[in-house]
Amino acid sequence: MITVENLTKRFARKTAIESVSFQVEKGEILGFLGPNGAGKTTTMRIITGFMPASDGTVRVDGFDVFENPIDVRRRIGYLPENPPLYLEMTVVGYLRFVAKIKGVPKEKIDLEIQRVMERASITDVQERIIAKLSKGYKQRVGVAQALIGDPPVLILDEPTIGLDPKQIHEVRELIKDLAGNHTVVLSTHILPEVEQTCNRVVIIDRGKIVAVDTPQNLRFQLQGAERVFMEIQGPAPEITSKLKAMPGVIDVHTVGSNDGRHRFQIEGELKKDIRSDLARAVVQNGWGLYELQSVTMSLEDIFLKLTTAEERE
Amino acid sequence: MRNILAIIERELRAYFISPVAYVVLTIFVFLSGLFFRSILAQVLQMGLMSQLQAQQLGPRAMDMPGMITRGFLSTMSVILLFVMPMLTMGLFSEEKKRGTIELLLTAPLTDLQVVLGKFFAGVTFFLILLLTTWIPTGFLYLYSSPASGPILTAYLGLLLYGLALIAIGLFISTLTENQIIAAVLSFGTIMVLWLVDVLANNADSTTGKAVLTYLSIISHLDDFMKGVLSTSHIIFYMSLMLVALFLTYRSIDSLRWRG
Ligand SMILES: Nc1ncnc2c1ncn2[C@@H]1O[C@H](COP(=O)(O)OP(=O)(O)OP(=O)(O)O)[C@@H](O)[C@H]1O
Ligand SMILES: [Mg+2]
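Residue numbers (the numbering used here), protein chains in the order written: chain A, 1 to 313; chain B, 1 to 259.
Calculated from the structure, these hints are not laboratory results.
For every residue, glycine included, the Cβ atom is placed at its ideal position computed from N, Cα and C.
Hints may be right or wrong, so weigh each one.
To be verified - Output of the computed footprint for chain B on chain A, the stretches with three or more beta carbons under 8 Å from beta carbons of chain B:
# : stretch
1 : 23–32
2 : 44–54
3 : 85–99
What the hints assert, rightly or not - Listed below are the simulated EDC-like cross-link pairs for lysine to aspartate or glutamate, each with C-alpha atoms no more than 16 Å apart in a straight line:
#  : chain 1 : residue 1 : chain 2 : residue 2
4  : B       : Lys97     : B       : Glu177
5  : B       : Lys96     : A       : Glu81
6  : B       : Lys97     : A       : Asp150
7  : A       : Lys242    : A       : Glu231
8  : A       : Lys132    : A       : Glu88
9  : B       : Lys97     : A       : Glu88
10 : B       : Lys96     : B       : Asp111
11 : A       : Lys208    : A       : Asp55
12 : A       : Lys100    : B       : Glu9
13 : A       : Lys108    : A       : Asp150
14 : B       : Lys209    : B       : Asp197
15 : A       : Lys135    : A       : Glu81
16 : A       : Lys138    : A       : Glu81
17 : B       : Lys226    : B       : Asp63
18 : A       : Lys106    : B       : Glu9
Take the sequences, apply the hints, and build the full model.
Printed below as a string of structure tokens:
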């Protein structure tokens, strides 16, 4: 449904994204995950046709964003990072304006507004002035606006920001509900959000894609044993230096000691199981092994690992 | 077309929800009323004078209603100089500031439709302002019979002049996120286009004088006020408007690139 190829955006002083490529299948929810300044908003702005790319192509439902911008925009509902609200308008007045500029046929406008207000649970504030709404409600008006015209593709830039936990849950349920008929791309830097809502994750950092996979796969691949907890009896400095020198080991930290037994946390390279090597080393050196355990990494750890990998190299 | 109308409608609502519309209307109606009154007094005095002279020199024709409308409609150009920047200041700058520009520029609208929607929103409000001047002008028709030709050309001149000012203000409002800066810059720009006329009067060479007079946004109004229709003046205002609209269009494009 969405094909992004070699997308690059250079600003006057900064390259925001570089050679970003990924695909989103019809009916899929793709999570766009990355720290601040990673290039999530920039990528979304290019997909929605708000800004042109410096290089590369985006196709939505077969239409090129640069060659057929209007055809692409007709197919996209977009919630920008800051909901684009006219604060002086009422909720209904605002949604009616959006329906008109999106070309919803006149006789269908009222029904369409009712539909999106129900979806975003804002029917109770429909006559209120937007400026007077709470942040959470404003965000939901933004979501409602994106749903107008029932576009097949939804691009949501941090849709749950500023919401309370109950509203976050509601919006996530709404997004899951929309999937199937809709193709959704959402950005976030909240990990549980991706784990709970997305079929696939693109992790982006400093303008480059560092991983694309399902949340389960990402976790599975990395779960091997690259972070291992060990309790060893022996001379701590020697243990640390010997373990550190082993192939596949990146770092060794002491996390405590007690009665001559030392506890270590060992960081291994990605996708390498170093547990048996570690056990063998301990035995060969004649130290005592009391515990060896691989530490399950949450997506959060994976994310941190991926996005800080470059600095280590 | 419907999308353009939607933009115009929203903008007009915004004018009337914010104080802008009321401030502008009040200033405009108040100042134009004041000017009308003083011009009326002036012309009446001139009438009395010429009656006195007529006793000595014999009667002389004097088009009093014509003088009144001409004087009155000429002063409109001054009032508009102050008022127009207030109408155009927020058209794009507010959208930029609030981020709603992202909605407009990702909706299935062309940039031209967006620019035209904004432009005609300003134009519609301007037409409302012009309509209010029919109150004093109407009184003239009630109590006298002014020649309609010069009044119509004067209105046409004001209309063209107003369209050019709106287009200039529209362009300037794309350059900043701050309405006040937009208003001040628009006012400054229009002022410069006015002052060119003063420079022209002091110019040494005749060609310099001719060029400066041609560039002056105000010199082209005179003929309209006198009831003379000349294509060169029409072309001047239309070109000014088109250039400013083109710059607006380009400015939106560059805004997209810069984000
Ligand atoms: N209009 C612009 N002009 C210059 N640089 C920009 C512009 N927009 C973004 N950038 C830069 O490009 C980089 C990517 O920004 P972007 O807003 O896409 O990040 P993001 O992933 O959305 O971050 P966040 O999580 O904070 O929203 C940042 O370093 C930012 O400073
Ligand atoms: Mg962002």
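Now the hints, each set against the structure:
1. 23–32: As far as the stretch 23–32 of chain A goes, the hint is violated, because 0 residues have Cβ atoms under 8 Å from chain B.
2. 44–54: It holds, with 6 qualifying residues against the three required.
3. 85–99: holds (count 8)
4. B/Lys97 x B/Glu177: Since the Cα atoms of lysine 97 of chain B and glutamate 177 of chain B sit roughly 5 Å apart, the hinted pair holds (cutoff 16 Å).
5. B/Lys96 x A/Glu81: Distance ~14 Å between lysine 96 of chain B and glutamate 81 of chain A Cα, so the pair holds.
6. B/Lys97 x A/Asp150: The hint is violated at about 28 Å.
7. A/Lys242 x A/Glu231: OK: lysine 242 of chain A and glutamate 231 of chain A at ~15 Å, within 16 Å.
8. A/Lys132 x A/Glu88: holds, 9 Å
9. B/Lys97 x A/Glu88: holds, 14 Å
10. B/Lys96 x B/Asp111: Distance ~15 Å between lysine 96 of chain B and aspartate 111 of chain B Cα, so the pair holds.
11. A/Lys208 x A/Asp55: It holds: about 14 Å lies between the C-alpha atoms, which stays within 16 Å.
12. A/Lys100 x B/Glu9: holds, 11 Å
13. A/Lys108 x A/Asp150: Holds, because 12 Å separates the two Cα atoms, which is no more than 16 Å.
14. B/Lys209 x B/Asp197: With Cα atoms ~9 Å apart, lysine 209 of chain B and aspartate 197 of chain B stay inside 16 Å; holds.
15. A/Lys135 x A/Glu81: holds, 13 Å
16. A/Lys138 x A/Glu81: holds, 12 Å
17. B/Lys226 x B/Asp63: holds, 12 Å
18. A/Lys106 x B/Glu9: Satisfied, since the Cα-Cα distance of roughly 15 Å is no more than 16 Å.
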